[in-house]
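S.K.: Sequence:
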Amino acid sequence: MALAKAVGRFSIAAALVTLGAGEALGQDVTIDKLLSAPFPSGLVASADGRVIAWVQNARGVRNVWVADAPAWQGRQLTAYAGDDGQELGSLRLSPDGATLLFVRGGAPNRRGEIPNPTSLPDMPEQAVWRVSTKGRAAPVKVGPGVAPLISPKGDLAIFSRRGQVLSFSLSRAGDPAPLFQVRGGAGDLAFSPDGSALVFSSSRGDHAFVGVFTIASRTIRWLDPSFDRDASPVWSPDGKRVAFVRIPAGFDPPLFAPMREFSPWSIRVADVASGGSREVWRAAEGRGSVPSGVTGDGLWWSADDRLVFPWERDGWKHLYSIPASGGQAVLLTPGEGEVEYVDLAPDGRAMLYNSNIGDIDRRHLWRVATAGGQPTALTSGTGIEWQPRAVVDWAADRHAPARRANSGPRGDSGRRLGAAARAGLDAGGLPSAALVEPTAIRFPAADGLSIPAQLFRPQGVRAGERRPAVLFFHGGSRRQMLLGWHYMDYYHTTYAINQYLASLGYVVLSVNYRSGVGYGLEFREALRYGATGASEFFDVQGAGLYLRSRPDVDSTRIGLYGGSYGGYLTAMGLSRASDLFAAGVDIHGVHDWNRGIQTFRPDYDTLDHPEFARMAFESSPMAWVEEWRSPVLLIHADDDRNVDFTQSVELIAALRARGVEVESLVFPDDVHGFLTHANWSAAARATAEFFERRLRGR
Numbered sequence: 001m002a003l004a005k006a007v008g009r010f011s012i013a014a015a016l017v018t019l020g021a022g023e024a025l026g027q028d029v030t031i032d033k034l035l036s037a038p039f040p041s042g043l044v045a046s047a048d049g050r051v052i053a054w055v056q057n058a059r060g061v062r063n064v065w066v067a068d069a070p071a072w073q074g075r076q077l078t079a080y081a082g083d084d085g086q087e088l089g090s091l092r093l094s095p096d097g098a099t100l101l102f103v104r105g106g107a108p109n110r111r112g113e114i115p116n117p118t119s120l121p122d123m124p125e126q127a128v129w130r131v132s133t134k135g136r137a138a139p140v141k142v143g144p145g146v147a148p149l150i151s152p153k154g155d156l157a158i159f160s161r162r163g164q165v166l167s168f169s170l171s172r173a174g175d176p177a178p179l180f181q182v183r184g185g186a187g188d189l190a191f192s193p194d195g196s197a198l199v200f201s202s203s204r205g206d207h208a209f210v211g212v213f214t215i216a217s218r219t220i221r222w223l224d225p226s227f228d229r230d231a232s233p234v235w236s237p238d239g240k241r242v243a244f245v246r247i248p249a250g251f252d253p254p255l256f257a258p259m260r261e262f263s264p265w266s267i268r269v270a271d272v273a274s275g276g277s278r279e280v281w282r283a284a285e286g287r288g289s290v291p292s293g294v295t296g297d298g299l300w301w302s303a304d305d306r307l308v309f310p311w312e313r314d315g316w317k318h319l320y321s322i323p324a325s326g327g328q329a330v331l332l333t334p335g336e337g338e339v340e341y342v343d344l345a346p347d348g349r350a351m352l353y354n355s356n357i358g359d360i361d362r363r364h365l366w367r368v369a370t371a372g373g374q375p376t377a378l379t380s381g382t383g384i385e386w387q388p389r390a391v392v393d394w395a396a397d398r399h400a401p402a403r404r405a406n407s408g409p410r411g412d413s414g415r416r417l418g419a420a421a422r423a424g425l426d427a428g429g430l431p432s433a434a435l436v437e438p439t440a441i442r443f444p445a446a447d448g449l450s451i452p453a454q455l456f457r458p459q460g461v462r463a464g465e466r467r468p469a470v471l472f473f474h475g476g477s478r479r480q481m482l483l484g485w486h487y488m489d490y491y492h493t494t495y496a497i498n499q500y501l502a503s504l505g506y507v508v509l510s511v512n513y514r515s516g517v518g519y520g521l522e523f524r525e526a527l528r529y530g531a532t533g534a535s536e537f538f539d540v541q542g543a544g545l546y547l548r549s550r551p552d553v554d555s556t557r558i559g560l561y562g563g564s565y566g567g568y569l570t571a572m573g574l575s576r577a578s579d580l581f582a583a584g585v586d587i588h589g590v591h592d593w594n595r596g597i598q599t600f601r602p603d604y605d606t607l608d609h610p611e612f613a614r615m616a617f618e619s620s621p622m623a624w625v626e627e628w629r630s631p632v633l634l635i636h637a638d639d640d641r642n643v644d645f646t647q648s649v650e651l652i653a654a655l656r657a658r659g660v661e662v663e664s665l666v667f668p669d670d671v672h673g674f675l676t677h678a679n680w681s682a683a684a685r686a687t688a689e690f691f692e693r694r695l696r697g698r
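With our numbering as the guide, the letters of the sequence shown map in order to residues 1 to 698.
Quick caveat, the hints were computed from the structure, so don't treat them as lab data.
There may be inaccurate statements among the hints.
List time: in silico DSSO-like cross-link candidates among lysine-lysine, alpha-carbon distance up to 27 Å [what the hints assert, rightly or not]:
#, residue 1, residue 2
1, K240, K153
2, K141, K153
3, K134, K153
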């Protein structure tokens, strides 16, 4: 793999994550082995590029790991033990990499309760912690709160607590002190380049402002306040200007319904001293008029005085740039595919990003100059790479091929993590050689739309032999399953379940149904999807008919499963096509769209929207429950903040009343994403055992 050209004193190569211990530990495939691969997340790098840090989840035990130049000898920084379901995240390194801030504990629900999936007698809290990356000092709790941020000077840090911004010194002992508080809260916080001020956005419901808080004078200046929604503020390199996105008044994207066009959004540049702003760019009418962000910031200000932003003008989510003074947008990332994780390179004149351009069912790393020009591929092949972070001598990212799970950053430029780190990352004994390589296919939906999917064909299928088959539907729906281990922990696990089912002899089809990402704006904003017509049901039907047509599939033994939005589609398949699907596993699925919308918008009232509410219900499994005949396993956690537990309570009551065979698995106090390894393992095991009994009679 060739190295990219040097960027200042940073040379950029691909950092790979692999897992190679499986072969030595035996190739028998068990769900325990498949779920044992450690999962990394939250990769960050210090401003000087000499330290990286990430969170490692090993069988539910979450800890922070670090590695630094020049040896990049990874080491575990925290010593948490036990599968307690307490999340770690929001990692922030000081500019010199000597201090790390992080948050431990999940977000509260509407009653203010922190997730407590192991039902601890003392309720956990969500708090900011600090720890030195040098030596072996234990982490110190700063206080309850979220979203830590460190000044570019490395002397001051801030975090948020119930809408208030607090600060504390990194060089002196002392408790955090209130810094400022505004109506609507303060989001998108960012220090000015000299650390003297903070820019932030404040959402006020149907409008939002961008403001600047000056630390010394403790004053707030609002930047050109309007009736619109202002967001994504970013400082100019000299700290005298702020650019931000303005979304016109009236923007109210419907939940689970397509939105392809709106009054075009714009980019404005404000003078911090005066507070005035002017428009420097406006999106065109039609495609791309609705703002659509990427993972990371939504706006970047480069060292060559250009603004970089995502735009869907050609129907794909690409990066563009304009001069900060205004001008025509230059396409930086051409091709059929989309950018996802984006970061500004340390010299400020190039963007690092991952994309599926040229390899639609994978992700690879790229670099492109902010002024434009031909992008440079940093990685290629059968792996999947994401979350680039530029550091001294190489670019850290995470990588996962089809049979080897992602497990942490590792450089491919001669700067590899040391043996101590690899020993911790490779634990688990993944039976990689016994796993199957999924293949990309397409099949016609019932309405004719071409639908992408990944096929897991079990090993050892003889000519003329017909196997049971299972469909998998991801959640979201803004997701894309890939030809390898996924970069989200939820789908990392479901990929393992798909591999396990294939090892048991099932033909498995993972469906990237319409309204998912990765295939362009029209595919994502599919007409009549979700609550406005359930057009994805055509994809469910088409997937079942495709499996039925295969010579290696027993057409009487086709099942389906999925979680969240995938649970919704599982329930739609069972309620509207029980003649096609013999059994299903519905994991925290949406069963009534009207209830699902109220989860995210408590003020939604069906009486205010009677026609929409009628369509939403008709697009729900509960509207078709009279036709449901196939047995189902329902899995749900009762502190679910994404899909209310009541959705499954109401469905199971309706199914029991109609004599449908229903099995259940409930996790008290856990949340939507199952925070413990034990619960994920139980869900995976129950899913496989259910299909073994219902599709094989075992």
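S.K.: Check whether the Cα positions of K141 and K153 lie no farther apart than 27 Å.
M.R.: holds, 22 Å
S.K.: Are the Cα atoms of K240 and K153 separated by 27 Å or less?
M.R.: Within the cut-off at roughly 17 Å; holds.
S.K.: Is K134 close enough to K153, meaning Cα to Cα at most 27 Å?
M.R.: holds, 19 Å
Of the numbered hints stated above, none is contradicted by the structure.
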